[in-house]
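All chains, please: the whole structure from these sequences, using the hints.
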Amino acid sequence: MTTAATWAGIASIVVTATAGDVLQSRAMKKIGDLGAIQQSHGILYLVRRVASSSRFMLGLLFMALAFFSLLVTLSWDDVSVVGPASASLTFIANAFAARIFLKERVDHRRWLAALFVAGGVALLAR
Amino acid sequence: MTVRKYLILLAVVIFGSCGDVCLGRGMRDFGAVTSANWRLLLTVLWNPWVITGICLLILFFCSYLTALSWADLTYVLPATALSYILMALLASVFLHENVTPGHWLGIGLITLGVGFVATGPSLTVAAHNPPREKPDPARTQVVFDKGTGSDV
Chain E
1 MTTAATWAGI ASIVVTATAG DVLQSRAMKK IGDLGAIQQS HGILYLVRRV
51 ASSSRFMLGL LFMALAFFSL LVTLSWDDVS VVGPASASLT FIANAFAARI
101 FLKERVDHRR WLAALFVAGG VALLAR
Chain C
1 MTVRKYLILL AVVIFGSCGD VCLGRGMRDF GAVTSANWRL LLTVLWNPWV
51 ITGICLLILF FCSYLTALSW ADLTYVLPAT ALSYILMALL ASVFLHENVT
101 PGHWLGIGLI TLGVGFVATG PSLTVAAHNP PREKPDPART QVVFDKGTGS
151 DV
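In the order they appear, the protein sequences are chains E and C. Note that the working numbering gives residue 79 to position 79 of the first sequence, counting from 1, and the numbers run on in steps of one. Note that the working numbering gives residue 65 to position 65 of the second sequence, counting from 1, and the numbers run on in steps of one.
No lab work stands behind these hints: they were computed from the structure. Treat the hints with caution; some may be incorrect.
Said to hold, decoys possible - Dumping the calculated SDA-like pairs for lysine to any residue here, alpha-carbon to alpha-carbon at most 25 angstroms:
| # | chain 1 | residue 1 | chain 2 | residue 2 |
| --- | --- | --- | --- | --- |
| 1 | C | 5 | E | 105 |
| 2 | C | 5 | E | 50 |
| 3 | E | 29 | C | 58 |
Stated by the list, open to error - To be clear about the criterion: a stretch of chain E counts as covered by chain C if any three or more of its residues have a C-beta under 8 angstroms from a C-beta of chain C, and this derived list gives those stretches:
| # | region |
| --- | --- |
| 4 | 11 to 24 |
| 5 | 64 to 73 |
| 6 | 85 to 95 |
| 7 | 102 to 108 |
Cβ atoms here follow ideal geometry from the backbone N, Cα and C, with glycine treated the same way.
Below you can see the structure in the form of structure tokens.
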């Protein structure tokens, strides 16, 4: 039976995974096209540039938190509940977060895409 | 969108799904990990399938970051959701997992979602500005020349 603790765990996964994705996206936009940087400055400069971004490192930290939240929540409930719920809700949360924090233009086409993919992932992960 | 950018998105799909399938195949050699045998996780790291899976997932992460450097998050995530489909097909063929009618319905929904987003622009700006496909070269050059340092 899915308990309040499970839903708290799922909420934790969704929040940390979304924060990680948004921070990574913001960091990459700030750095610029990685392919072009690698061609003009070389791979070592690129690695140093990415690794020195505090936003990128914070994003990695949130991704690690999402991973451990997933592991803990999986110890509380079935993967058939936790997996689809967290993956599909993360898609929706990312659309909201990208609109609010990244100022992306999330038009009706992207909302539909997020909803369809979230539904598909929920069905596929069962 | 150039051919190179589509290839990067394809790399995200292929490396992500193949990496997960390799990890899944490797973990089958060990069985369930519990608090009583958590040290098994250290042994797992020497399994060839797990090593291959980790290498592929590192490549996935590199291509994912590259895609995020020139496309919106709300474009990259749905556009690369094909990896869920590829993962289901690979798991069916190589791991002999059962693909149910519900799975096929899920595959159909994801394909529709990818179709919706893939026909739109990959990069947008604030809601009151028109979409643009490529970053401003002048702005990009300034970013290149900034060198290292904190950007928060």
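Results for each hint:
1. C:5 / E:105: The given pair, whose Cα atoms are some 20 angstroms apart, holds under the 25 angstroms limit.
2. C:5 / E:50: Holds - the C-alpha atoms of residue 50 of chain E and residue 5 of chain C are around 20 angstroms apart, at most 25 angstroms.
3. E:29 / C:58: Judged against 25 angstroms, a Cα distance of about 20 angstroms means the pair holds.
4. 11 to 24: Three-residue rule met by the region 11 to 24 of chain E, so holds; n is 3.
5. 64 to 73: violated (count 0)
6. 85 to 95: holds (count 3)
7. 102 to 108: Coverage by chain C holds for the region 102 to 108 of chain E (6 residues, Cβ < 8 angstroms).
Checked against the numbered hints given earlier, the structure breaks only hint 5 and satisfies all the rest.
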